[in-house]
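J.: With the hints as constraints, model all of the structure from the sequences given.
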Amino acid sequence: MLIPMVAIRPAQASDILAISALDARLTGTSKPDYWRERLAPGLHFLVAESDKGLAGFIAGEVRAWEFGQPPAGWVFAIQIDPRLRLKGVGSQLFDALVARFKAAGVTRVRTLVDRKDHLILSFFRAQGMVAGPSLQLDKDLS
Amino acid sequence: MKLQTATRLGLYAVLELARDPDKTLSSADLAERFGVSSHHLAKVLGTLSNAGLVRGGRGASGGYRFTGNRRRTTLMDIVALFEPAPGSRAKEPGEDTDIGSALQRVLIEIDEIAEATLRSISLETMLKSKGPSLRSG
Chain A
1 MLIPMVAIRP AQASDILAIS ALDARLTGTS KPDYWRERLA PGLHFLVAES DKGLAGFIAG
61 EVRAWEFGQP PAGWVFAIQI DPRLRLKGVG SQLFDALVAR FKAAGVTRVR TLVDRKDHLI
121 LSFFRAQGMV AGPSLQLDKD LS
Chain B
1001 MKLQTATRLG LYAVLELARD PDKTLSSADL AERFGVSSHH LAKVLGTLSN AGLVRGGRGA
1061 SGGYRFTGNR RRTTLMDIVA LFEPAPGSRA KEPGEDTDIG SALQRVLIEI DEIAEATLRS
1121 ISLETMLKSK GPSLRSG
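Chains as they are written, first to last, in my numbering: chain A, 1 to 142; chain B, 1001 to 1137.
In case anyone wonders, no lab produced these hints; they're calculated from the structure.
All C-beta atoms in this analysis are idealised placements derived from N, C-alpha and C, irrespective of residue type, glycine included.
Possibly wrong hints are sitting among the right ones.
[Stated by the list, open to error] Just the calculated beta-carbon pair ranges, DEER-fashion:
1) B/S1049 to A/A103: 46 to 52 angstroms
2) B/D1022 to A/E37: 49 to 55 angstroms
3) A/A7 to B/S1049: 42 to 48 angstroms
4) B/R1071 to A/R108: 48 to 54 angstroms
5) B/E1092 to A/F76: 39 to 45 angstroms
6) B/I1099 to A/L119: 35 to 41 angstroms
7) B/S1129 to A/A7: 27 to 33 angstroms
[What the hints assert, rightly or not] Beyond 10 angstroms from chain B on every Cβ pair, some chain A residues (computed):
8) P10
9) I16
10) A72
11) V98
12) H118
13) D140
[Stated by the list, open to error] Listed below are the simulated DSBU-like cross-link pairs for lysine-lysine, each with C-alpha atoms no more than 35 angstroms apart in a straight line:
14) B/K1128 to A/K52
15) B/K1043 to A/K116
16) B/K1091 to B/K1002
17) A/K139 to B/K1091
18) A/K116 to A/K52
19) A/K52 to A/K102
20) A/K116 to A/K102
21) B/K1002 to B/K1023
22) A/K87 to A/K31
23) B/K1043 to B/K1091
24) A/K102 to A/K31
25) A/K116 to B/K1091
26) A/K52 to A/K87
27) B/K1043 to B/K1002
28) A/K87 to B/K1023
29) B/K1128 to B/K1023
30) A/K87 to A/K102
31) B/K1002 to A/K116
32) A/K87 to A/K116
33) A/K139 to A/K52
34) B/K1128 to A/K102
35) A/K139 to A/K31
36) B/K1002 to A/K139
37) B/K1002 to B/K1128
38) B/K1091 to B/K1023
39) B/K1091 to A/K87
40) A/K52 to A/K31
T.: This is the structure:
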């Protein structure tokens, strides 16, 4: 596995265009305002930058007593340029976010994943994540 | 989720061989390790061999080694070789009743979660898990 040279750093306002473009390319939905809000103080929003530009990003936050659970670091989003996948960029971003969560004093990291999204499920599994104590429930209100 | 014996043996054999792809183990070695008959394991290894996951010699003393891709092969890939495909199961009596179909929806939900879990765990992830018993050597 070739590990590309990337620098991990906090996202800045000037990154939003590239972040939103990468996200829109992968999800089909453009939401620059959402990503801009992720720059707010107290949130963790990191980018991986290669010599060719944005390689990926990760967004998370420490939340306390969500659904009755003690403080934990939540990963809300991670996206990697498909050309750089399976090369360790996602793991570097994840590790950097976890380091920040630890520095903030939390000892657990959590996320929610679409159970049909095998790619992202496999990624988080490979980071050592396992099924947590909560079960997400849904109801169609239409 | 209840797995058939052949499925569990398939998972054991693949994981054991994938620990060290350069290492060769006979079906007799593997059978002894898991406490099963060599004959039973030979059939399982035959299925794994047809799927390209292992390559093996003939007879109980013939050696097998892992030939798949640890990062790309998931637990579900192995389970699917031995378990009936979802939806291919014969209808059980009572499934067409309102209670039967409501129960069926719950069972399908459980199966979907189990499948998502098995599909998300690669052999690589499994073998580098924190449990000391899964580490190589």
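J.: Look at each hint and say if it fits the structure.
T.: Results for each hint:
Our hint of 46 to 52 angstroms for B/S1049 and A/A103 holds, since their Cβ atoms are close to 50 angstroms apart. For B/D1022 and A/E37, the Cβ-Cβ distance of about 51 angstroms falls inside the hinted range of 49 to 55 angstroms, so the restraint holds. Evaluation of the 42 to 48 angstroms hint for A/A7 and B/S1049 yields a pass: the beta carbon distance comes to about 46 angstroms. B/R1071 and A/R108 have their C-beta atoms about 26 angstroms apart, which leaves the hinted 48 to 54 angstroms range violated.
In this structure the supplied range 39 to 45 angstroms holds for B/E1092 paired with A/F76, their Cβ-Cβ distance being about 42 angstroms. One distance hint, 35 to 41 angstroms for the beta-carbon pair B/I1099 and A/L119, holds here, with the actual separation near 38 angstroms. About 30 angstroms separates the C-beta atoms of B/S1129 and A/A7, a value consistent with the hinted range of 27 to 33 angstroms. Annotated as non-interface, A/P10 keeps its C-beta farther than 10 angstroms from every C-beta of chain B; the closest such distance is 29 angstroms.
The beta carbon of A/I16 is kept farther than 10 angstroms from every beta carbon of chain B, the shortest such distance being approximately 31 angstroms. The Cβ of A/A72 sits about 19 angstroms from the closest Cβ of chain B, beyond the 10 angstroms cut-off, so the non-interface label holds. A cut-off of 10 angstroms between C-beta atoms confirms that A/V98 is not in contact with chain B; the least separation is 15 angstroms. Against the 10 angstroms criterion, A/H118 falls within the reach of chain B, whose nearest CB is about 5 angstroms from its own CB.
Separation of A/D140 from chain B is adequate, the least Cβ-Cβ distance of about 13 angstroms exceeding the 10 angstroms criterion. Annotation: proposed proximity of B/K1128 to A/K52 holds, straight-line Cα distance about 32 angstroms (limit 35 angstroms). For the proposed pair B/K1043 and A/K116, the alpha carbon gap of about 32 angstroms is at most 35 angstroms, so the pair holds. Restraint check for B/K1091 and B/K1002: the C-alpha separation of about 18 angstroms stays at or below 35 angstroms, so the hint holds.
Note on A/K139 and B/K1091: the hinted pairing holds, with a Cα-Cα distance of about 28 angstroms set against a maximum of 35 angstroms. The straight-line distance between the Cα atoms of A/K116 and A/K52 is roughly 32 angstroms, inside the 35 angstroms bound, and the hint therefore holds. Of the pairs offered as hints, the one joining A/K52 and A/K102 holds, with about 30 angstroms between alpha carbons and a cut-off of 35 angstroms not exceeded. In summary, the hint linking A/K116 to A/K102 is supported, as the alpha carbons are separated by about 30 angstroms, within the 35 angstroms threshold.
The suggested pairing of B/K1002 with B/K1023 holds, with an alpha-carbon distance near 30 angstroms, which does not exceed 35 angstroms. For the hint linking A/K87 to A/K31, the alpha-carbon distance of about 27 angstroms falls within 35 angstroms, and the restraint holds. Taking the CA atoms of B/K1043 and B/K1091, the gap is near 28 angstroms; set against the 35 angstroms cutoff, the hint holds. For the given pair, A/K102 sits about 29 angstroms from A/K31 by alpha-carbon distance, which is consistent with the 35 angstroms threshold.
Proposed proximity of A/K116 and B/K1091 is supported: the alpha carbons are some 25 angstroms apart, at most 35 angstroms. Between the alpha carbons of A/K52 and A/K87 the distance comes to roughly 15 angstroms, so the proposed pair stays at or under 35 angstroms and holds. Taking the CA atoms of B/K1043 and B/K1002, the gap is about 20 angstroms. The hint holds against a cut of 35 angstroms. With a C-alpha separation of about 27 angstroms, the suggested pair A/K87 and B/K1023 falls inside the 35 angstroms cut-off, and the hint holds.
Annotation: proposed proximity of B/K1128 to B/K1023 holds, straight-line Cα distance about 18 angstroms (limit 35 angstroms). For the proposed pair A/K87 and A/K102, the alpha carbon gap of about 25 angstroms is at most 35 angstroms, so the pair holds. Annotation: proposed proximity of B/K1002 to A/K116 holds, straight-line Cα distance about 21 angstroms (limit 35 angstroms). Between A/K87 and A/K116 the alpha-carbon distance is near 23 angstroms, which keeps this suggested pair within the 35 angstroms criterion.
Restraint check for A/K139 and A/K52: not satisfied, since their Cα atoms lie roughly 43 angstroms apart, outside the 35 angstroms limit. The hinted pair formed by B/K1128 and A/K102 meets the criterion: a straight-line CA distance of about 23 angstroms does not exceed 35 angstroms. For the given pair, A/K139 sits about 25 angstroms from A/K31 by alpha-carbon distance, which is consistent with the 35 angstroms threshold. Note on B/K1002 and A/K139: the hinted pairing holds, with a Cα-Cα distance of about 28 angstroms set against a maximum of 35 angstroms.
The suggested pairing of B/K1002 with B/K1128 holds, with an alpha-carbon distance near 25 angstroms, which does not exceed 35 angstroms. Note on B/K1091 and B/K1023: the hinted pairing is violated, with a Cα-Cα distance of about 44 angstroms set against a maximum of 35 angstroms. Simply put, B/K1091 and A/K87 have alpha-carbon atoms about 45 angstroms apart, too far for the 35 angstroms limit, and the pair is violated. With a C-alpha separation of about 23 angstroms, the suggested pair A/K52 and A/K31 falls inside the 35 angstroms cut-off, and the hint holds.
Checked against the numbered hints listed earlier, the structure breaks hints 4, 12, 33, 38 and 39; every other hint is satisfied.
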